[in-house]
Structures are given as structure tokens and as C-alpha cells.
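Order-wise, the sequence lines are chains U and Z. Counted from 1, the first sequence has number 54 at position 54 by the numbering used here; the numbering is strictly sequential. Counted from 1, the second sequence has number 61 at position 61 by the numbering used here; the numbering is strictly sequential.
No lab work stands behind these hints: they were computed from the structure. All values derive from a computational prediction rather than experimental measurement. Warning: the hint list may mix true and false statements.
One side of the interface only, derived from the structure: several residues of chain U facing chain Z at Cβ under 8 Å [unchecked claim]:
no., residue
1, LEU13
2, THR14
3, PHE18
4, GLY30
5, LEU47
With a cut-off of at most 20 Å between alpha-carbon atoms, the simulated EDC-like pairs for lysine to aspartate or glutamate come out as follows [as the list claims (entries may be wrong)]:
no., chain 1, residue 1, chain 2, residue 2
6, U, LYS38, Z, ASP122
7, U, LYS26, U, GLU108
8, U, LYS61, U, ASP98
9, Z, LYS32, Z, GLU42
10, U, LYS77, Z, GLU124
11, U, LYS76, Z, ASP65
12, U, LYS61, Z, ASP65
13, Z, LYS121, Z, ASP46
14, U, LYS38, Z, ASP46
15, Z, LYS25, Z, GLU42
16, U, LYS76, Z, GLU209
17, U, LYS77, Z, GLU71
18, U, LYS38, Z, GLU124
19, Z, LYS140, Z, GLU71
Which chain U residues stay away from chain Z? Per the calculated CB distances, all over 12 Å, these [unchecked claim]:
no., residue
20, GLU15
21, GLU63
22, LYS76
23, ILE80
24, GLU87
25, ALA89
26, GLU90
27, ALA103
28, SER110
29, LYS111
Just so it is clear, CB atoms sit at the ideal spot from N, CA and C, and this is done for glycine as well.
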Amino acid sequence: MISIRDNIIGGALTETTFLVLLAVYKPNHGYGILQFIKRETNGRVILGAGTLYGAINTLLKKEWIAPLNDESDSKKKEYIITDAGKEKAENELKRLGDVWRLAAAIMEGSKGE
Amino acid sequence: MRKTVFKYFFDFFDGQRIWLNSMAKRGYRLQKCWNMAYTFEECRPDEYEYAVEYVGAQSYSRAKDYRGYLEGMGFRTFTKNINLNISLGKVRWRPYAKGMGQIAASPGGFNKELLILEKKKDGEPFELHTDLKDKINTYKTIRCTYTWAVLLLLCMIVMTFIPGFSSVPEHVLWVLRIIIAIIALLFLIPTVKYFTLAGQLKKESRTFE
Chain U
1 MISIRDNIIG GALTETTFLV LLAVYKPNHG YGILQFIKRE TNGRVILGAG
51 TLYGAINTLL KKEWIAPLND ESDSKKKEYI ITDAGKEKAE NELKRLGDVW
101 RLAAAIMEGS KGE
Chain Z
1 MRKTVFKYFF DFFDGQRIWL NSMAKRGYRL QKCWNMAYTF EECRPDEYEY
51 AVEYVGAQSY SRAKDYRGYL EGMGFRTFTK NINLNISLGK VRWRPYAKGM
101 GQIAASPGGF NKELLILEKK KDGEPFELHT DLKDKINTYK TIRCTYTWAV
151 LLLLCMIVMT FIPGFSSVPE HVLWVLRIII AIIALLFLIP TVKYFTLAGQ
201 LKKESRTFE
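Given only the sequences and the hints, what does the whole structure look like? Please build it.
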């Protein structure tokens with residue numbers, strides 16, 4: 001079950017954060033991340049370039065992702081998820097699974113009434 | 001054919017973006033901009049789209065990195081000034097900025113407070129910030145800049161009331177005060193606008209991400 005405490009401390013990831021983490025399971029650069037998210041969500045999520053820039057910098061600071069090469073030119077910088085990042089993504093998958101099961105049980109149940 | 005237009009925006013963010021897009025719609029593509037001047041070249045109507053990004057509250061190195069990143073995304077970029085600074089010789093203080101962004105030097109981040117971005121129209125919205133939280137932050141940074149501008153202008157008016165402030169006759173001082181008050185009022189309009197926008201989004205963010 002998801003407790004409120006978890007929500008504050010462990011935290012639900014924002015969708016932007018989660019999708020960016022998924023996009024760098026294989027090395028990817030900024031433009032590639034945008035394309036990945038657009039393609040894999042069938043266009044439901046189209047990230048703005050400014051939002052992605054903020055997300056990348058936050059994730060780098062948290063060390064959930066790491067730059068792949070020492071390229072100082074940010075045009076070509078590639079990123080890869082770290083072990084810490086993978087752990088966060090796995091927790092989020094579990095949390096989403098819990099939410100999904102809870103919602104399915106309640107909503108399916110109410111249909112039968 | 002080239003065309004140069006002189007314009008000043010009290011609403012440097014939305015106002016400038018809307019105007020640049022209306023020029024593009026009429027077939028004018030931005031070539032160069034400096035101070036209050038914009039040079040355009042003729043192009044096919046509706047071929048390009050513009051977005052404005054405010055980087056005046058960031059440090060120069062961060063703003064430069066951001067510009068490089070956006071160019072890597074395939075946008076054409078221009079830097080532009082906003083003229084809302086206090087000048088002390090060659091170094092400027094930007095009270096609204098964060099950390100090292102507060103000090104702007106020339107050459108450096110001074111007069112490059114805005115990034116104008118251009119892309120070919122491809123049917124997708126030209127939005128740089130798509131996250132609610134991110135949008136709120138953008139509006140907050142802009143509203144902070146305007147609030148400082150209004151406060152500093154009000155300070156200037158108060159200063160003119162200090163006895164012995166200047167040898168200028170009283171009626172001239174009143175003209176000065178009225179002019180400053182009008183400018184402050186013109187900056188107050190966008191201040192209120194961005195306060196409202198940030199507030200509306202904040203309400204949304206309680207339910208949506």
C-alpha cells in the first residue's frame with residue numbers, strides 16, 4: 001500500500017522525470033529524449049525543450065543520470081541512467097502498479113453493482 | 001527586401017512573442033535585433049515561428065549553456081536586452097536575479113536577458129515549458145523582475161521628496177515625478193498579469209501535474 005509518508009519522502013516522480021529516466025536506459029541526447037517520449041507515448045506527452053533542460057540538470061545534480069562523454073559542448077551531450085536512477089524508476093513502476101491495481105479493483109467493482 | 005522596425009515592449013515576454021509571430025505570419029523573418037531595433041527579411045508568410053525565453057535571472061555561464069543546448073535542438077537563437085537594469089559603471093546589478101545572475105557585466109550577460117528562438121513551423125506548438133511547475137517558475141521569475149522595476153521606480157519618486165535633493169525648481173520635480181509614476185504604472189500592468197497567471201496555474205497544480 002502507498003502511505004502518505006512515502007509520498008512526501010520517497011515521493012511519486014513527476015511524469016516528466018519518470019519519462020526522462022526511461023529515455024536514458026540507453027544513451028541518449030536531448031533531442032533524442034524528446035523524440036523518444038513523443039514516440040513512446042504516441043504523442044500524448046510532448047515535452048518542451050526548456051522543461052527538458054531543467055529536468056536534465058536536476059537529474060544530473062541528483063546523480064540519477066550521468067553524462068556519457070566529457071563533451072563540453074552541450075549540443076552533443078549524451079546521458080545514461082545511473083544505478084541510483086534505476087532504483088528510483090523501479091520504485092516508481094511499483095508505485096504505479098499499486099495505484100493501478102487499487103483503481104482497477106474499485107472501478108471494476110463499481111461496474112458490477 | 002530588408003525592413004527595420006523600432007519597438008519597445010513593456011511586456012517583453014508575451015508581447016514580444018506575439019508581435020514576432022504576427023510579423024512571421026505576414027512574411028517577415030527576423031535577421032537581427034539590438035536595443036529597440038529589429039531587422040527583418042522577407043520570407044514565405046507563416047513559414048517560421050518564434051518563442052521568447054527569459055534568461056536574465058540566470059548566471060551568464062548557465063544562460064550560455066542553455067543557448068547552446070537550444071541550438072542543438074535545432075532552433076535559431078538571438079539574444080535581446082530588456083532594459084530593466086541598474087547601471088554602476090560597467091557592472092550592473094540585477095536585483096531580481098538569483099545567485100551569480102545578480103551581477104551582470106558587459107561583455108557578458110548584460111543586454112542578453114532574453115533569448116528569441118525561431119523554428120520552422122511544423123504544426124506542433126512552440127512551447128518551451130510544458131510542465132505546470134516549470135511554467136509557474138517561469139512566470140514567477142518574470143513577475144519578480146517586474147516587481148523590482150516598479151519598486152525601484154517608486155524609490156526614485158520617494159527620493160525626490162528628500163529636502164535638498166536637487167536644485168531643480170519644484171514644478172519641474174513634479175513633472176519628473178509624474179513621468180516616473182507613469183512608467184511605473186506601465187510596468188505594473190505586466191506585474192499584475194504575471195502574478196495572476198502564476199496564481200491560476202498554482203491552483204491547477206493542486207489537481208494536475
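Right, here's what the structure says about each hint:
1. Of the supplied interface hints, the one on LEU13 (chain U) is violated, with its beta-carbon coming no nearer than about 10 Å to a beta-carbon of chain Z, more than 8 Å.
2. Interface restraint check for THR14 (chain U): the shortest CB-CB distance to chain Z comes to about 6 Å, inside 8 Å, so the restraint holds.
3. Using the Cβ-Cβ criterion of 8 Å, the hint placing PHE18 (chain U) at the interface with chain Z is not satisfied: the shortest such distance is roughly 11 Å.
4. Checking GLY30 (chain U) against chain Z: minimum C-beta separation of about 6 Å stays under 8 Å; hint holds.
5. The criterion of a C-beta within 8 Å of any C-beta in chain Z is met by LEU47 (chain U), whose closest approach is roughly 6 Å, and the hint holds.
6. The suggested pairing of LYS38 (chain U) with ASP122 (chain Z) holds, with an alpha-carbon distance near 15 Å, which does not exceed 20 Å.
7. Restraint check for LYS26 (chain U) and GLU108 (chain U): the C-alpha separation of about 37 Å exceeds 20 Å, so the hint is violated.
8. Using a Cα cut-off of 20 Å, the hinted pair LYS61 (chain U) and ASP98 (chain U) is violated, with the two alpha carbons roughly 29 Å apart.
9. The suggested pairing of LYS32 (chain Z) with GLU42 (chain Z) holds, with an alpha-carbon distance near 13 Å, which does not exceed 20 Å.
10. Simply put, LYS77 (chain U) and GLU124 (chain Z) have alpha-carbon atoms about 25 Å apart, too far for the 20 Å limit, and the pair is violated.
11. For the suggested pair LYS76 (chain U) and ASP65 (chain Z), the alpha carbons sit about 12 Å apart, so the restraint of at most 20 Å is met.
12. A distance of roughly 16 Å separates the Cα atoms of LYS61 (chain U) and ASP65 (chain Z); the hinted pair therefore holds under the 20 Å criterion.
13. For the proposed pair LYS121 (chain Z) and ASP46 (chain Z), the alpha carbon gap of about 7 Å is at most 20 Å, so the pair holds.
14. Distance check on the hinted pair: LYS38 (chain U) and ASP46 (chain Z) sit about 24 Å apart at the alpha-carbon level, beyond 20 Å; violated.
15. For a cut-off of 20 Å, the pair hint linking LYS25 (chain Z) to GLU42 (chain Z) stands: about 11 Å separates their Cα positions.
16. As the CA atoms of LYS76 (chain U) and GLU209 (chain Z) are separated by approximately 30 Å, the hinted pair breaks the 20 Å bound.
17. Between LYS77 (chain U) and GLU71 (chain Z), the direct Cα distance comes to roughly 13 Å. Compliance with the 20 Å bound is thereby established for this hinted pair.
18. The straight-line distance between the Cα atoms of LYS38 (chain U) and GLU124 (chain Z) is roughly 12 Å, inside the 20 Å bound, and the hint therefore holds.
19. As the CA atoms of LYS140 (chain Z) and GLU71 (chain Z) are separated by approximately 25 Å, the hinted pair breaks the 20 Å bound.
20. Not every CB of chain Z is more than 12 Å from the CB of GLU15 (chain U) (nearest about 6 Å), against its label as outside the interface.
21. Look at GLU63 (chain U): its CB is around 19 Å from the nearest CB on chain Z, clear of 12 Å, so calling it non-interface holds up.
22. Listed as a non-interface residue, LYS76 (chain U) fails to keep its Cβ farther than 12 Å from every Cβ of chain Z; the least gap is roughly 7 Å.
23. Residue placement check: ILE80 (chain U) keeps its beta carbon more than 12 Å from all beta carbons of chain Z (closest about 18 Å).
24. Annotated as non-interface, GLU87 (chain U) keeps its C-beta farther than 12 Å from every C-beta of chain Z; the closest such distance is 22 Å.
25. The claim that ALA89 (chain U) is not at the interface with chain Z holds, since no C-beta of that chain comes within 12 Å of its own (minimum 17 Å).
26. The Cβ of GLU90 (chain U) sits about 20 Å from the closest Cβ of chain Z, beyond the 12 Å cut-off, so the non-interface label holds.
27. For ALA103 (chain U), the non-interface assignment is confirmed: its Cβ lies about 16 Å from the closest Cβ of chain Z, beyond the 12 Å cut-off.
28. Look at SER110 (chain U): its CB is around 21 Å from the nearest CB on chain Z, clear of 12 Å, so calling it non-interface holds up.
29. Non-interface call for LYS111 (chain U) relative to chain Z: holds, since the shortest CB-CB distance, roughly 25 Å, exceeds 12 Å.
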